[in-house]
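Given the coordinates of chain A, work out where chain B should sit on it, guided by the hints.
2 protein chains.
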Amino acid sequence: MAKVGVLGTGIVGRTLASKIAALGHAVVVATRDPEALMARTDPDARGLGPFSGWLGANPGVRLATFADAAAQGDVLFNATSGEAALEALGAAGAANLAGKVLIDITNPLDFSKGMPPTLLVSNTDSMAEQIQREFADAKVVKALNIVSAPVMVDPAAVGGGDHDMLICGNDDGAKAEVTRILKEWFGWRSVIDLGDITGARGLEMYLPLWVRVMMSQGSVAFNIKIVR
Amino acid sequence: MAKVGVLGTGIVGRTLASKIAALGHAVVVATRDPEALMARTDPDARGLGPFSGWLGANPGVRLATFADAAAQGDVLFNATSGEAALEALGAAGAANLAGKVLIDITNPLDFSKGMPPTLLVSNTDSMAEQIQREFADAKVVKALNIVSAPVMVDPAAVGGGDHDMLICGNDDGAKAEVTRILKEWFGWRSVIDLGDITGARGLEMYLPLWVRVMMSQGSVAFNIKIVR
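Sequence lines, in order, name chains A and B.
Per our numbering, the very first residue in the first sequence carries number 1148; after that it's consecutive.
Per our numbering, the very first residue in the second sequence carries number 1148; after that it's consecutive.
One chain only, chain A, in its complex shape (with noise of 0.2 Å):
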């Protein structure tokens, strides 16, 4: 049984979550101000329902802090969106993050000027690469952040499977324990290494793309298959 925390509340969050703890792991869920989060009776902006809701029907998950979870989890998932990623990692805390395998989903998309987004940051630097800087001693390994949250934990829903995920990490080690992670908990049947860290840029500069494929397509299950 691993011991995983999983920063973020929203539907990636949750989704990751819910797959986890049914697969027997221990789940601590993450956010700023856990109170606050659970005395929320609307549905956020996206239309997601109440977190409270959620949560009871998981009953294997706990909510707390970011500290709190981060110094629980073994292995991290960072779905934070991207312009809160920093500050909940700097609230989880560097001490709480060294050595740990921290999977970084965030996407630094910029929805303040409507649809489609643009990125906060792209091109000479990238979100995985600025929180590998500010937290040294986590092992980022950049992964899920191509698909959408049901797609991460059901690859098999769409194609049969037959398509790649794309992750990339200074870390050796941290790469293969995500590889397995995704095989083995998540039925992903192609993880394909792009790298150090720097493949980032390539991961999140494909989000623009994704949209547009996601607005032709009228659905966010796909993925792509790199075909030799």
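Hints may contain errors.
To be verified - The following label-pair restraints were derived from C-beta to C-beta distances: (1) A:L1170 with B:G1307: 34 to 40 Å; (2) B:V1367 with A:S1363: 21 to 27 Å; (3) B:Q1364 with A:G1203: 30 to 36 Å; (4) A:G1196 with B:G1240: 55 to 61 Å; (5) A:G1342 with B:I1339: 24 to 30 Å; (6) B:V1367 with A:M1262: 30 to 36 Å; (7) B:T1188 with A:K1260: 48 to 54 Å; (8) B:G1203 with A:L1233: 54 to 60 Å; (9) A:T1188 with B:A1245: 37 to 43 Å; (10) B:G1365 with A:G1207: 42 to 48 Å; (11) A:E1281 with B:K1260: 22 to 28 Å; (12) B:A1169 with A:W1332: 49 to 55 Å; (13) A:E1281 with B:G1237: 41 to 47 Å; (14) B:Q1364 with A:E1281: 30 to 36 Å.
Hints listed in this document are in silico derivations from the structure and should not be mistaken for laboratory results.
Even glycine gets a Cβ: it sits at the ideal position worked out from N, Cα and C.
What follows is chain B alone, placed relative to chain A:
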């Protein structure tokens, strides 16, 4: 028989011109200074052989200035580099581009800081949008920029052709014509329309990911398939 202008004499321009001429169409390939190009006897910076040798092996192709080729062609391929594209199209002349289908293959890659390249324009704008703004009467369709030159004209060589070409542009008639060309001339089985020309941001921002996949595969013979 179609009249085709190919702007650019690098590997992309040569590959397209060679294939299109072999199909029996009238092809004019364009460069800034044809005499200077024909006088060169050394390989270029990327090791591509002298143009004169290539032209000798492709007697159906004529070499001309940008303006001459643009005037002759009913369909134009922009196969210039990102750094040279706007200047080349300016030399072709707005009047010669007006009303023409202009297939923009350019990737705004900046190799000045070494590998992997960054983009000269991205996120809130794209090369194709710059071209469409500058030459408002041309019917710009972004296409083919997501694959290497050999794959452009022979998609079947990769995975039997079971992968997708993604295009975008403001003119539906032009996109229908480009789709026909891609399928009938080059053998593309699937061409997906991503909407208006702003979709080029996604298509061009995909390039950093393409470069990383290329490095991980050790080959340029690949493309993506949208799996649903």
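Task: Hint check against the structure, violated hint numbers in rising order - done: The structure conflicts with hints 3 and 9, although it agrees with all the remaining ones.
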